[in-house]
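Participant: Please model the complete structure; the sequences and the hints are all you need to start from.
Listed below, chain by chain, are the residues.
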Amino acid sequence: MFDKVTFNKSNTRGVLTRRQMLRQTSTGFGLLALQAMMSEGGYAMPLESAKSSGMADDKVPVSHHAAKAKHVIFCYMSGGVSHVDSFDPKPRLQQENGKPMPMKVERTQFNQNGNVMASPFKFKQWGESGLPISSMFPKIGELADELAVVRSMTTAVNEHAQGNYAMHTGFPFIGHPSAGAWCNYGLGTENENLPGFVVLQSGGAVVPHGGVGLFSNGFLPAQNQGSIIQADRSPAVGNIRPSLSLRDQRKHLDLIQRLDESYQASANHAGVEAAIRNYETAFEMQTAVPEICDLSNETEATREMYGLNSAESDKAAYGRQCLLARRLVESGVRFIELSCITKGIGAGGAANPWDQHGALEKGHGAMANQVDQPIAALIADLKQRGLLDDTLIIWAGEFGRTPFSQGSNGRDHNPFGFSVWMAGGGVKGGTAYGATDEFGYHAVENPCNVYDLWATVLHQLGIDHERLTYRYAGRDVRLTDVHGNVLHDILA
Amino acid sequence: MVLPICFLSPRTTVSLISFFCLTGFLSVPGLAKQQSESDFFESRIRPVLVEHCYECHNSSNQAEAELAVDWRQGIRTETEHGTSVVPGDSGESLLLKVIKHEVEGLEMPEGGVKLEPSVIADFEKWINEGAFDPRNEPPSLDELEKATSWDATLEARKKWWSFQPISNPEVPNSNDWSDHPVDRFVYAQAKANQLAVSPPAEDSVLTRRITFALTGLPPSPEQLSSVTSGELTIEALVDQCLDSDQYGERFARHWMDLVRYADSHGSEGDPSIPNAYQYRDYLIRAFNQDVPYRDLIREHIAGDLLPKPRLNDELGINESAIGPAHWRLCFHGFAPTDALDEKVRFTDDQINVFGKAFLGLTISCARCHDHKFDAISQADYYALFGVLGSTRPAMRDVAIDSLRLNTKSKLAETKEKIKSGLVVAWQEQVNQLRQQFRGQDKALKNAAKEASAPTHVLFLWNQMQRHEGEQKGWQANWGKLKRQWLKQKTDRDKERRDASHYWDLASAGDLDKWFGEGFDFFQSRGPGQMKIASAGPGVVSSIYPGGVFSGLLSDRLPGVLGSPRFTVDEKMTAWVRCVGGGQATARYVVQNYPRSGTVYPINELKNKNWHWQRFNLDYWQGDQVHLELATAKDAPLQVRNSDRSWLGVRDIVVRKTATGSPVDYSMEQWESILGSDQAISPKSLADLGDRLCDEYELAIQAWAADEMSDSQALLLDALLRDGMLPNTSRELPSVRGLVSQYREIEKELNPPVRVPGVQEADSFDQALMERGDHRRLKEPVPRRFLEAIDSTPYQTELSGRMQLADDLFRIDNPLTSRVIVNRIWLYLFGNGLVVTPDNFGRLGAKPTHPELLDFLANRMIEQEWSIKKMVRFLVLSKTWQQSSEVSPESARVDPENRWITHYNAKRLDAESIRDAMMATTGQLDSKMYGPSFSPNSSSKRRAVYVRSQRNNLDKFLAVFDSPVPFATTGKRNATNVPAQSLTMMNSPFVLGLAKDWANSTKTEFPQASNQEKIEWMFQKGLGRPAKPQELKMLMDYLESTRNLAENNQRRVDELLKRREQFTASLNSIIEPVRKQLLEAAGAKKVASDSSSVLYRWDFSKGVKDLLSGSQLNLKSGAKIEDGALILNGQSFALSEPIAERIKEKTLEAWVQLDGLGQKGGGVVTLQDLDGNQFDSIVLAELSDRQWLAGSNNHRRTLPFDGPREESGSVEPVHLAITFAADGTIVGYRNGVPYGHPIKKSGAAVFDANRSRIAIGIRHGNQTSQGRMLRGKVFDVRLHKRALSEDEIAASFAGQPVVSQADAIAQLTEEDKDQVSLLKKSIEQTSTELQGLKETTPSLEPLARVAHAIFNLKEFIYVR
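Those protein sequence lines, which keep their order, are chains A and B. Everything in the first sequence is counted per my numbering, starting at 313 for the first residue and increasing by one. Everything in the second sequence is counted per my numbering, starting at -16 for the first residue and increasing by one.
Hints may contain errors.
Stated by the list, open to error - According to the in silico footprint, chain B covers these stretches of chain A (three or more CB under 8 Å from chain B): (1) 419 to 426; (2) 466 to 476; (3) 516 to 530.
Calculated from the structure, these hints are not laboratory results. Quick reminder that beta carbons are idealized off the backbone N, C-alpha and C, glycines included.
Facilitator: So, in structure tokens, the structure goes:
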């Protein structure tokens, strides 16, 4: 049951023997015990009967139908990217530039609403599909035929923290599991020596507004929680650096295990056995994590492609995340979220880099420059390695921005209509789905929401979003709450 | 957009074929076997079909999958999946398969839980016996609706076990195990299941079990030894634990899980919930005092309203009033543009917690529709919503008011005396003024020239002065002033009449509609109130017209004012005429949202003169708002840190925005002169002077007699403000003593104790929200309790919290007592008798021992709701004291231990793990109460005191499943994840504790042998003596580690010595040559010095800076040797303060490292005098061997991503970092760029005379681990600009230091060979040293043993 280890270079002989021993002992009492341990976390049990019967090994994937994708890379554009400046061209804004909005203006967060503001960026049709993308993203533009843009996304909230929660968990507040946790819960891990849900940071990137609760397992079992990996720091993960030399630590752990053995027998507790086993996993993670984070064996061409050599430190740092994301996909990590780095323009702080309430042209230009080349490289690299087919890339922020100005040159939050896109993982490239009105203010054609987004993602992962449930406090809770429609039109 | 949390999507065409919409379960008591088919159908089959299937499968309005089960033919229909009921053949009947969940995708009841096995068996029997069905015809729509109506459903659902009255079960007769009632219940069940109970646990095991369960801490060695020696009985130990302070800390933490305790509200900004810790402290005291559960809950619901609150005289507080704080521990969003949506969300949060914590019901599931499974209607939800929605978030002062009464009367008395003194002194002064007016006093005339403001006390004099002597002009001007006054007055009166809302707070009738908090505050005061200055030479700070004022006794006392709710139904602006200071605030509140934010402004009151505060409400059209004014620390959330704060309000007008500012009635104080019909023009200035003095005098007299008008109060205040009256202690000897006396007495006031809470306000019934959508309001639902228990509306003007509190304890509400005894059981046994402690509804579990549960519920009531007594009762049972060892039979038959035939071993919860480590090391700080400590800190206090910061929860606790403060957590997870192992293995926190423990053991037992130390540590850590084989393992480990360590150390010493010798030999060959070269290079050095250099130390020249002569201070053993500053890992150097302001800059240095393994040391640093702000050249802080631009909190730090340093330990390297004004930072190594440039924020500014250079330390002024560099520094420079790449290259090329390589090049071949040999030897020794360092333990042997004990599963489990 532990044989599906794809990344396991660091086993020493002694470790293997001990692990094998543990495996053997865990087939009898162990199986039952682990089951009990898993359910100890609550009377909560997943409703999936297949899942419950397979509970002895949480790594057994449960699919409802054939999966198109195995991995998800979530390029989160924290702060809210202006759709009318990036993926949703609106000629009317050019025509009506400076005139009052000809429709009701909803409440905005800053209430400093100006007139219609033309996009300072030029749109161009790209690729065979002719998908229009603005001059903000020239490299991503070259890959337009891989992208399915949803132009009619909407969200329920108008502020960052709650918007981030809504986008990550489906609920606009702390407490619910993040989508990455749900995906891991539904599919299990492919590599027990690495966390299944990884959040990458580098270059001083921080957690978006709302805090680490955005990556929480919520009420799902704890192994599904997001782990933050610092792509440019050592140690990349807290407490991963061994406190003793590996040789010494092995000796130390052997002692601990020998002392644990008699207790295990007398305490009669499944958790004890699981805890013992976790020490072995942890021991191996100590080498697995630094190894995966060491980019030194990547070729110079690869580093160049991802922008690691860029003189712009933020681009180099984001490139590092993208490259590491590819390596994590190769190692079987289920869900990877990337974090943008602030350029400190407009109101875009560390937690909300894209939040250009002012200086939109400069700020969006700089932010786009940061992610354009690295994300394009990621898509191209995955493709050339044959990994794009089973890796779903999502690009989204928590909301869009208003078609009218805030102050003289910024835009306020717009939750009523904005764009997200997906690539790889079985989506239909070169697609634009849904539409906002002529001003890009409200979604008017095929309006959809975060539940539809995650329903579609789960669908591609082979999961029926209505059946991925977890009983918590008397409810069978879903990532998609009571909503969600798979966006079949953007699927190949 | 709404995000209703509900169970099921409206089942539409998208959904899978829904077959039966079975939504609940109905249990029917057993019937006699010999019943007729008809009886069986009517009692066992029909009710189930009605309750669970009719809604979706009927013959009137919905027959999903074309199946109607409401009549005989219908239920026997053939469908595409098979025939539903085949009489006589249950195996062929699809109905049975789907209720057994045998058909994937057709699990029925849909969305619910599987029916009870007994019900399924009933259906099986019914079908097999012919499916008798008397329903010949389909029911009419009427009949169907009646059968499936909410009333009928409610009646059926009320039959669920938890709504049944608590029975009075007999204690089973099975006393051959124990007489204890709990044991007899448990034993009877075990026996019925043919299982044997376990023997009692050993005393040592039990001791550990007891102390962890009751105090959350391991037993002390004394407790252990006295129990095992028999000195202390188990019963006595239990009592000891129950009596200890730690009991309250333990049980308070359980409780905090239920009310999702947090110190912050979460979301963007994550603002603190000020004083939330007071609630935590209240819980600890309450549990320790064993406040009856009934009282505790009443306090939670309505503790601020209780007629006889629980007073704590020692602390001077009303304990009961702290209870409602839990309502305020909810999550809040940031500046929501839809404020009502936010209100719905946080009220839902409150209802959710209330329902789960106190009733074990998921009431908030009924927000969008009647509950899908339980006897809770949607109306119930909005009835409770009305109760909570009728309150407002508030900060409550819980200090006991009655303790202030005495001080108040003393203050009032003194104030009266001061007033009398003032009246006399001021009257005298007016007489003098009169003389001055008459004499046309020059100073007075000059003063009047400046007095053109209508509020100035000389305004009229000023206005008339210029017309003196003009016959016509004089009269006309007087007439003009009269008309001005009249117009102001008339306009103001009209404005009040036309206003959307107008409140005059001097009128009791208007104030009655407002809401207020604060001792001696919330009342209408007539004109003439005086505020005594709280400090300084002044006596009176103000004399007020009528209104409401805080600070009249003391400005340490709170004052909070709230207006009634009103709807912004057009573009409106609210104006508040007020005064205030000490960071008092005013704001408008939309839908009770307590935070500030972009569209939620807060105004600070900074003006002691009357003025209008303006609140434009245009944005909030359609919403309900109210106005709120509060002293600094007393706003519900946005508090300011000012101990003295005060405010006053006269009136409030809310008007159409378009009407502009309120009327300027600045001439109000002249009412009696200009407003009276007799007010004919004065004849002359002298006459006017007389008239003014008459008015002044009248005002003082009226004040003395307590009968002044607003206008007089304003005039008197103007006299004071404009300096016409004596108002300092110096000028007023008669009141001097009284004023200091007043200030002394004021200090005696029982100080405010502020606690989050709610305030009663204008209560209302909440309109039901259709499908939970707050924009689709239906009929209001009266405030009341759950209709399953009593649907009578509350008869109250208040919110109804008092009634709600009473309803929790009414005799026909069986939930409250069952829920709490189940929780206590769970805390002790690890599982509840109902394993879903927060859900006693249909989706929860049924009790394993229903009679025992009811027995305990009754007992709880009989024992006056004492939690301690219940805990004691349970832990003294044999059931609880069983061993955790499980018999093979139990393991096979009952792996979940439902029948409690052994004790459930369990992992300690997060707090106990942390606390246990602290206690074990002997470092636990037992200080109780007070503000929380920061998360992720190494505080030694108990974990219950950690700050629960929603966006930054303590990582150690979180990894061990401390709950996210989001909703009620009745039972914690106990997960197992590798992150826990990593934390215990590697976290500096745990390692530090292990070291501490080893050290304290050595200190405490200096004479003890290692074996004794280990024995003692083992006993202390695990609560039992080590077994011989365990001891042997640990001793072997210690010995081998120690040998290794000692051998290593010996070898290290040897190698170091040898390396030193090699180095000395090497230097003796190279150094003379190098010195020669250096001298030769001297001239070049000076030439290459650029004009930008501000400071330069060349250590071949000593410690003086070459340019200014500024001396370096050598610290902690730093020294100059062979032309280099020697840094040994302790030592460093600091310059004198730098006289210039520096922004852009270049740091430059030549350095040779003593080893490449070091981390975080600074070569050269520019820092402020404290070392808080700094820019530095740093080695290996983020990544091994990499150079970095270090800065405070990494403000200007990002990795350069340059190559790892390889040669810096062998020869000097040149390093430079340039800091440009725009924040661009470029690193250079040996004259070429290092990695890539970085930019994070602008360049830091170092002020003149406020900064200095540090060498060898990253920042700071004293040796600090992790910041120090080891090596030699040859040359250091600070430039006052960012040098260009060429300049750096030149600086490097004009190297002032001759590298070894240069020197070696000059050597003879023979010497060269010798050098190369020596270098090789040095390299070899270094390599070996490095290897040894890796194997030399970072933990010394005994600390390793300590660390191993922490890492034993036995340490974190209790059995």
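Participant: Does each hint fit the structure? Answer for all of them.
Facilitator: So, going through the hints one by one against the coordinates:
1. 419 to 426: holds (count 5)
2. 466 to 476: holds (count 9)
3. 516 to 530: holds (count 8)
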